[in-house]
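Undergrad: Under UniProt numbering, the letters of the sequence shown match residues 1 to 260, in that order.
No lab work stands behind these hints: they were computed from the structure.
Cβ coordinates follow ideal geometry from the N, Cα and C atoms, glycine included.
Please note that the accuracy of each hint is not assured.
With a cut-off of at most 30 Å between alpha-carbon atoms, the simulated DSS-like pairs for lysine-lysine come out as follows [said to hold, decoys possible]:
(1) Lys118 / Lys153
(2) Lys129 / Lys69
(3) Lys237 / Lys190
(4) Lys155 / Lys129
(5) Lys227 / Lys190
(6) Lys129 / Lys153
(7) Lys114 / Lys155
(8) Lys227 / Lys23
(9) Lys150 / Lys190
(10) Lys118 / Lys155
(11) Lys30 / Lys155
(12) Lys69 / Lys114
(13) Lys23 / Lys69
(14) Lys227 / Lys155
(15) Lys150 / Lys129
(16) Lys69 / Lys118
(17) Lys150 / Lys114
(18) Lys237 / Lys227
(19) Lys118 / Lys129
(20) Lys118 / Lys150
(21) Lys32 / Lys227
(22) Lys30 / Lys69
(23) Lys114 / Lys129
(24) Lys150 / Lys69
(25) Lys32 / Lys69
(26) Lys227 / Lys129
Just the calculated beta-carbon pair ranges, DEER-fashion [to be verified]:
(27) Thr37 / Gln234: 41 to 51 Å
(28) Glu208 / Ala250: 13 to 23 Å
(29) Asp135 / Pro28: 14 to 24 Å
(30) Asn224 / Asp49: 30 to 40 Å
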Amino acid sequence: MGNVGAIERLYLLNGGFAIAPDKSVYTPGKWKGEQITLCCHAYLIRRQDEWILWDTGIEDDIIQEPGGKVIAHNIRAVVVRTIRSQLADIGIAPEAISKVILSHAHFDHIGNTKLFPKATWYTQYQEYKAMFGPDYARYGYLPSLYENLKRAKMKLMNGDYDVYGDGSIKVISTPGHTPGHCSLLIRLPKIGPVMLAGDVAHFTYNLENHCVPSMNSDYTQSLNSMKRVEVIVQTEKAQLWLNHDMVQMATIPQASSFIE
Numbered sequence: 001m002g003n004v005g006a007i008e009r010l011y012l013l014n015g016g017f018a019i020a021p022d023k024s025v026y027t028p029g030k031w032k033g034e035q036i037t038l039c040c041h042a043y044l045i046r047r048q049d050e051w052i053l054w055d056t057g058i059e060d061d062i063i064q065e066p067g068g069k070v071i072a073h074n075i076r077a078v079v080v081r082t083i084r085s086q087l088a089d090i091g092i093a094p095e096a097i098s099k100v101i102l103s104h105a106h107f108d109h110i111g112n113t114k115l116f117p118k119a120t121w122y123t124q125y126q127e128y129k130a131m132f133g134p135d136y137a138r139y140g141y142l143p144s145l146y147e148n149l150k151r152a153k154m155k156l157m158n159g160d161y162d163v164y165g166d167g168s169i170k171v172i173s174t175p176g177h178t179p180g181h182c183s184l185l186i187r188l189p190k191i192g193p194v195m196l197a198g199d200v201a202h203f204t205y206n207l208e209n210h211c212v213p214s215m216n217s218d219y220t221q222s223l224n225s226m227k228r229v230e231v232i233v234q235t236e237k238a239q240l241w242l243n244h245d246m247v248q249m250a251t252i253p254q255a256s257s258f259i260e
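Work out the full structure: start from the sequences and follow the hints.
TA: Below is the structure:
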């Protein structure tokens, strides 16, 4: 079962909102031309004497753009609370975060890399290679958001990775949305295991019907990753949190409240 007592609490940070003009991008053949708003999040984990962050949300500077800003894939980014201010509400400075684990490198997950210069960064090798490779635009990446990671302390992972070796925080390889996309299985002391699915599926319908978004990098990998997450969730009896699902995520307390 892993070290159940290792993680003390989890904070759900508001990482902004992504407004897409065509919902059928996520569900090809259904809801064509309908607008959809997706919530975005970063997740702050307290483990013993460490602060760990899963993803970084949309770039804080977007808060200065009235009505938001179209970033990539024709998606408009809106920031209502900065990550920096939410950390301040919790009582920590960005410099206190020792590890940042990335699900993948899209703008709503990697927007605030510059906030955490002292952190060690964890990403899949395949993701890193695509981020800094010649075809970055094909995957919807914006290197200006993460150029600083070339000089950061990096831990490149190949597949699943148990961060502390005790099962408390385990990276689960779930490629398909991007070449090195991953999810995170964590074990909280009271509510038990939670699968932070990243963008394996953007909302519940997407997962239940195994709809592969047209923007994804690999159709077959995407399907396999959806199925893999479902099996792990069932086996572990874990809660499954879909990062962009407005309905589900509204039921979860947000920072500065926390979950144990």
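Undergrad: State for each hint whether it applies.
TA: Quick rundown of the hints versus the structure:
Among the hinted pairs, lysine 118 with lysine 153 is consistent with the structure: their alpha-carbon atoms are about 8 Å apart, no more than 30 Å. Annotation: proposed proximity of lysine 129 to lysine 69 holds, straight-line Cα distance about 27 Å (limit 30 Å). Between lysine 237 and lysine 190, the direct Cα distance comes to roughly 14 Å. Compliance with the 30 Å bound is thereby established for this hinted pair. For the hint pairing lysine 155 with lysine 129, the CA-to-CA distance comes to about 13 Å; that is within 30 Å, so the pair holds.
As the CA atoms of lysine 227 and lysine 190 are separated by approximately 27 Å, the hinted pair is consistent with the 30 Å bound. Note on lysine 129 and lysine 153: the hinted pairing holds, with a Cα-Cα distance of about 16 Å set against a maximum of 30 Å. About 17 Å separates the Cα atoms of lysine 114 and lysine 155, which keeps this hinted pair within 30 Å; it holds. Taken as a hint, the lysine 227 and lysine 23 pair is honoured in the structure, with Cα atoms around 22 Å apart against an allowance of 30 Å.
Distance hint between lysine 150 and lysine 190 is unfulfilled; the C-alpha atoms sit about 38 Å from each other, more than 30 Å. Under the criterion of a C-alpha separation no larger than 30 Å, the hint pairing lysine 118 with lysine 155 is consistent with the structure, at around 14 Å. For the hint linking lysine 30 to lysine 155, the alpha-carbon distance of about 39 Å lies beyond 30 Å, and the restraint is violated. Restraint check for lysine 69 and lysine 114: satisfied, since their Cα atoms lie roughly 19 Å apart, inside the 30 Å limit.
Distance restraint check for lysine 23 and lysine 69: the Cα-Cα separation of roughly 18 Å lies within the 30 Å cut-off, and the hinted pair is therefore satisfied. The hinted pair formed by lysine 227 and lysine 155 meets the criterion: a straight-line CA distance of about 27 Å does not exceed 30 Å. Restraint check for lysine 150 and lysine 129: satisfied, since their Cα atoms lie roughly 11 Å apart, inside the 30 Å limit. For a cut-off of 30 Å, the pair hint linking lysine 69 to lysine 118 stands: about 29 Å separates their Cα positions.
At roughly 12 Å between alpha-carbon atoms, lysine 150 and lysine 114 fall within 30 Å of each other, so this suggested pair holds. At most 30 Å may separate the alpha-carbon atoms for a hinted pair to count; lysine 237 and lysine 227 meet this at roughly 15 Å. Taken as a hint, the lysine 118 and lysine 129 pair is honoured in the structure, with Cα atoms around 22 Å apart against an allowance of 30 Å. A threshold of 30 Å between alpha carbons decides the hint, and for lysine 118 with lysine 150 the separation of about 13 Å falls inside it, so the pair holds.
This hinted pair checks out: lysine 32 and lysine 227 have alpha carbons roughly 25 Å apart, not beyond 30 Å. At roughly 26 Å between alpha-carbon atoms, lysine 30 and lysine 69 fall within 30 Å of each other, so this suggested pair holds. Restraint check for lysine 114 and lysine 129: the C-alpha separation of about 20 Å stays at or below 30 Å, so the hint holds. For the proposed pair lysine 150 and lysine 69, the alpha carbon gap of about 26 Å is at most 30 Å, so the pair holds.
Pair hint lysine 32 plus lysine 69 holds up; C-alpha atoms about 22 Å apart against a cutoff of 30 Å. Straight-line distance between C-alpha atoms of lysine 227 and lysine 129 comes to about 25 Å, which keeps the hinted pair within the 30 Å bound. Separation of threonine 37 from glutamine 234 is about 30 Å and departs from the stated range, judged on CB atoms against 41 to 51 Å. Distance hint check for glutamate 208 and alanine 250: the Cβ-Cβ separation is about 19 Å, which falls inside the suggested range of 13 to 23 Å.
For aspartate 135 and proline 28, the hinted distance range of 14 to 24 Å is satisfied, since their beta carbons lie about 22 Å from each other. With their beta carbons about 37 Å apart, asparagine 224 and aspartate 49 fall inside the hinted range of 30 to 40 Å.
Violation of the numbered hints given earlier is confined to hints 9, 11, 27; the remaining hints are satisfied by the structure.
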